[in-house]
Structure formats: structure tokens, C-alpha cells
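The task is simple: from the sequences and hints, build the whole structure.
Going by this note's numbering, the letters in the sequence shown line up with residues 190 to 795, in that order.
Be a bit skeptical, because a hint or two may be false.
Said to hold, decoys possible - In the DSSO-like style, the derived pairs of lysine-lysine whose C-alpha atoms are separated by at most 27 Å in a straight line are: (1) LYS250 - LYS580; (2) LYS419 - LYS379; (3) LYS482 - LYS431; (4) LYS505 - LYS428; (5) LYS572 - LYS379; (6) LYS431 - LYS419; (7) LYS265 - LYS606; (8) LYS250 - LYS338; (9) LYS379 - LYS338; (10) LYS784 - LYS680; (11) LYS505 - LYS482; (12) LYS379 - LYS250; (13) LYS338 - LYS419.
To be verified - Label-pair distances were calculated between CB atoms; the ranges are: (14) ARG486 - ARG268: 51 to 61 Å; (15) GLU488 - PRO346: 50 to 60 Å; (16) ASP451 - GLU660: 41 to 51 Å; (17) ARG415 - THR544: 50 to 60 Å; (18) VAL269 - GLU488: 54 to 64 Å; (19) ARG586 - ASP397: 39 to 49 Å; (20) GLY571 - PRO346: 38 to 48 Å; (21) ARG415 - ARG586: 38 to 48 Å; (22) ARG326 - TRP353: 22 to 32 Å; (23) LEU743 - ASP248: 56 to 66 Å; (24) ASP397 - ARG456: 41 to 51 Å; (25) THR742 - ASP248: 23 to 33 Å; (26) PRO346 - ARG486: 27 to 37 Å.
Because the hints were derived from the structure by calculation, they are not lab data. Note that CB positions come from ideal geometry on N, CA and C, so glycine has one too.
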Amino acid sequence: MNGNNRRLRALAALTALLLSTGQACVAATAADTALLIRDAMVFDGTGRPAYPASVLVEDGKIAAIATGGERLAAPKGARVVEARGQALLPGLFDLHTHWTPNARPAELPQIANLYMAAGVTTVSDFHEPPEAYAPRRAWLADIAAPDVKFAARMSTPLGHGADWGDENTTRWVNSPEAARAGVRAVAAYKPDFIKAFTDGWRYSNAADNSSMDEETLAALVDEAHRHALKVFTHTVMVKRGKVAARAGVDVIAHSVQDMSVDEELVRLMREHGTAYAPSLAVYLPGRVDGSGKGGARTEVLQQRERNFANALHNVKVLHDAGIPVVVGTDAGMTGTPHGASTLREFELLVDAGLTPAEALVAGTANSARALGVGDRGTIEVGKRADLLLVKGRPWERIGDIRNTERVYVAGRQVHGKGTQLPAGNRALSLPAQPVAALVDDFERADGRTALDTLRIDEADGGNDRTVQVSEVIAREAGGSALSVQARLSTKPDAYAAAILPLSRGSVAPVDVRGYRGIRFELRGGTPALRLEVRALDGRRFAVPVEAAPQWRTLEIPFSALRGLPPYRAKGPLPEWKGDDVQQLVFSAGGAAGDKVWFEIDNVGFY
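Spelled out as C-alpha cells, the structure:
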């Protein structure tokens, strides 16, 4: 074993030990044991008006609150922050974000840094496949970060959220039985809640997706609640909002915006305890980052403006009717940057007619209740010390929420003067792992590779989509192989692909510089095959390969791989590095509507 491998294995063992004992965050942030914030104006999120007080934090929790001239003594060794003239708030929430590799920044630590700088201490990530939960949780535990909650994604076949990924990314369900089975399957990964894409309306700007019927959604919610999982829905029409409320969903995580809400929807949401996360930031016609108006067609922009007017109106109506409004943004989507969009969401809630104090409660106490995390969201003795210090009086001027001074996650300072973040918060990726020569011989019966990663399918997305079946089959000569069969869609760039991740969830990169290339066995019924290697930061490399009806062994040196343009963007072609590799992808294309097939076996490095 070389020295690099020994260091990597030692690091992995240490991380596993820290996670098993719950000490990873302590080790990563070197937190002090006590903190005294003295003489702040405290907006505690309970509905009480702001009041002057000092707050003592011990072991990550609020230990005491002194008001009315009472003075708290600082324990020995405690950090003391003189906060006169500053406001102390509960840490903010964003219940609807996507930590996607297609946004910028794309790296987990950099996204975490943006949320901490904005005072957001609890975030819900709707983007990750279940396979990525464990490695991403381990990564978050080793840096300073907000508390990130992961959603398991469920939709209908060709529904929103399922029109681009396979079932290992977004589970497809279209019956009560399928919904219950789907919930049981994703529950094994221990998600924090479930995101159900139930409404296929595309805002009158694109062809509609399919929608989930009420019986299926009701079964999904019932089964999720049996597993103690809350259900958030992608719901954007009033009639679908009624379906969601009758089914008992916990949070509608988008604005209903096709028309004004009516009394029936209000009554149903009230009866079933459904909260409302309007995600106004993503619908802002000009976008939070200002990118919305430049390239939009006039009719598209006009439709956005009509939808947004309905969205603002409906927030106010629902709030006034007693429906809990919570904060979510859809950050990570186009024009909706992480962190900055959360702060903009508070301002948009005020634009909709909430008072600044009501908006703050929406993004703290209400959001905590909706997510089911009763240990935070207010400043009270015994609560987790997720805290935000700002200059000003944001309960009177919501814009003051941008004047961030210090941010604390479980009592540990993560932003502001004197903050010392772990080195991992500056990283653009996890360290590259060594990888075994054999990637997959398709002999395991559980659908996982020889590297213990989960194989996934990939095809062109959209309502007109390639239909693909991938399965392990027996070879005539003995052993097993992966067979991919597909009927291509009518798009000119239609394809079907099998992806072999090189680390769990494709989160950590692997280092293949100790090898010369990729070896595999192949046969197929279409000549338009391609081997692709995907790396960090969307870097892609590919080489065409020829398939014949008979099995043959191919060796592709890394030098034969050619860089591909950035996904949906222009830019220089990437250069091969070899220490940032994440996936091997085998794909078949052809003429629109063609049937294609290929089989692969004994994939590895040589």
C-alpha cells in the first residue's frame, strides 16, 4: 500500500469514528463550550415583540435568557459578544433549495458558506438522489455548515422532476400501490422528508407534464406519515392545491399561481394543517440575479408577470386566513442564487403584504414547525442555539436582515468577525479516493456494482422521452452482463445510457492516474455507441466505440478520450486530469424512433 492510500484510508477511518460518536462537527469547528451574547434586542420568533436581553449558550443550546436589567455572568472561558445596537434572531430557514451541480457555485462547501453568510442555519435540499445522502451527510459533518435536510423525490412517469432522471433519482408512481412501495423503498435511505411532484402545469410557458391523482397522493402521504416522514409537494395550480390539501400533505412548496385562491382551498388547507412555502424568489419575473428579462420572449415575460401577481396575492390571502406561511426559494434553479435568494424571499413576503415581523416568523418558527424540527426556530431556553446577529431592527425594516454581523449554528460561530472555518470549507471537492481496477462484472444480485455503487440509467429528457430497460442477463458462456435496450424518442439527439458511478452517489471523485485506460467487453445492435467519462465540475470526456453482434474486448486508453463542451454552455474543452473522475457512461444513439441495444461486461481499469 503506498503512502497516499494509507493517508486516505486513515482519513476515512477517522471520519467514520467521528460520525459514529457524533463528534465530527466538534472536531471540524473546534467550538468553544460557552457563549454569552450581551445586551442585544431579541426577536425570539414566538410572536412576542422584540425586547432587550442577554443570551447564554452552553453546549450548543440556549441555557439562559436575562431580561429586565438582570445580568448574566459569563462562565469561565466563555466567548462574550457585546451586542448593544444589534438584533438577535433565530437562525433562518430555507425549506426549498436545490444543491445542483448545474448551478454556480456547485460545490457543497461553497453553497454551505453562502447560506451561513446569509444567516440561514437550516436548509432543505430537494436535489439529491438517495444514494448521495450518506456521503453528503458525512461531508457536511466534517465542515462548518447549516443543518441540511434531504428530500426523497417522488413523481409520476413523465411528471415534473421525473422527466430527466431515472427512478434512482426520482421514484415514479402512478397508483396507490406504487406510491406505498415507493415510499418504503426511499425510506430505507432515511430521508428527512419526501418531495412529491404532483402538479404538471408548466406555467403556460411550456408543454404540461403529467400530474398525480388524488388516490395516489393520499396513499403516498399516508405511507410517508407511517414512516414519520412529512410530505412537501410541487403544486402550482389552485385545483391541484385542493388535491394536495385533501390528501393531507404537510407543505405546498410552490406558489399556486394560475388564479386567485378561493375559500374552498383555504378551508381544506386549514382542515388538514397544510403550510405554504410560496417560493416567490424563483418566480420573480426579473430573477433574483437580474437575469430574467434580458433573454425572455415578450409573451413569456408577460405570463411570468401575471403568474407572479397571482402568487403575491395568494400569499396574503392564505396568511390572513391563518394558513402558516413558511420560507422556501427554489434556490439553485435559474436566476435564484443560494443565500441571496433567501434574503430576497423575506423582502418579497413583505411585498406580498406580510409585516416584517410576520415574515421573520415565517422564516423561523413557522418553518421549524413545518419541517418538524421542534428544537429550533425560536430563542427559548433549551432550544438549539442557531442564532443570527444583525445591525438594525428587521422586524420594522425587513431589509435590515441583510446587515449580518455574526451567525451561529448550534452555538458555534460560522460567520462574522473572528470566525475560523475548517479548511474543508475552502475545498472544491472531497479528496480523490483510490479505486479498484474492477468497476463491475455484473455478478451481484442486488443491482450494485463491484465497487458497491448503484448503477443508474440515463436518457434524453422531456415529455417525448426514450423508453429504456436495463437488466442483468446471463451470458451464453457463463456469468452475467448488463443489457440495455431502448426505443429512442423522436428528438434528433435521442440516446439511452447506463451509468456506473465510481463512488457512492458520485459524490467523491476517484483517482485513476495509476491506470492507463478502460477495459470492457461489448456487443450490440447499433453502431452509434459512446464511452463517456464524467468528472468534477461537469467535465466530460468521450470516445466513440464500435459494437458488433459478437462479444469482443476493447481497451480504451485515457489518451483517446476527447473533452466535450460544457453541458448547455459554451466554453473551452476540458483537459484530462485523472484525479477527479466520478462516472463511466455507456450510451447508444441513433435515428429518431430507432430501437437500439447493447451489452457490456467486465468493466474496469487496466
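Consistency of the hints with the structure:
1. LYS250 - LYS580: holds, 23 Å
2. LYS419 - LYS379: holds, 12 Å
3. LYS482 - LYS431: violated, 32 Å
4. LYS505 - LYS428: Holds, because 18 Å separates the two Cα atoms, which is no more than 27 Å.
5. LYS572 - LYS379: holds, 24 Å
6. LYS431 - LYS419: Holds: LYS431 and LYS419 sit about 18 Å apart, inside 27 Å.
7. LYS265 - LYS606: Satisfied, since the Cα-Cα distance of roughly 22 Å is no more than 27 Å.
8. LYS250 - LYS338: Holds, at roughly 20 Å.
9. LYS379 - LYS338: holds, 11 Å
10. LYS784 - LYS680: holds, 14 Å
11. LYS505 - LYS482: holds, 26 Å
12. LYS379 - LYS250: Judged against 27 Å, a Cα distance of about 25 Å means the pair holds.
13. LYS338 - LYS419: holds, 12 Å
14. ARG486 - ARG268: 51 to 61 Å: holds, 54 Å
15. GLU488 - PRO346: 50 to 60 Å: violated, 30 Å
16. ASP451 - GLU660: 41 to 51 Å: holds, 48 Å
17. ARG415 - THR544: 50 to 60 Å: violated, 38 Å
18. VAL269 - GLU488: 54 to 64 Å: Holds, at about 59 Å.
19. ARG586 - ASP397: 39 to 49 Å: holds, 41 Å
20. GLY571 - PRO346: 38 to 48 Å: holds, 46 Å
21. ARG415 - ARG586: 38 to 48 Å: For ARG586 against ARG415, whose Cβ atoms are near 45 Å apart, the range 38 to 48 Å holds.
22. ARG326 - TRP353: 22 to 32 Å: At 24 Å between Cβs, range holds.
23. LEU743 - ASP248: 56 to 66 Å: At 59 Å between Cβs, range holds.
24. ASP397 - ARG456: 41 to 51 Å: violated, 27 Å
25. THR742 - ASP248: 23 to 33 Å: For ASP248 against THR742, whose Cβ atoms are near 60 Å apart, the range 23 to 33 Å is violated.
26. PRO346 - ARG486: 27 to 37 Å: holds, 30 Å
In this structure, the earlier hints numbered 3, 15, 17, 24, 25 are contradicted, and the remaining ones agree with it.
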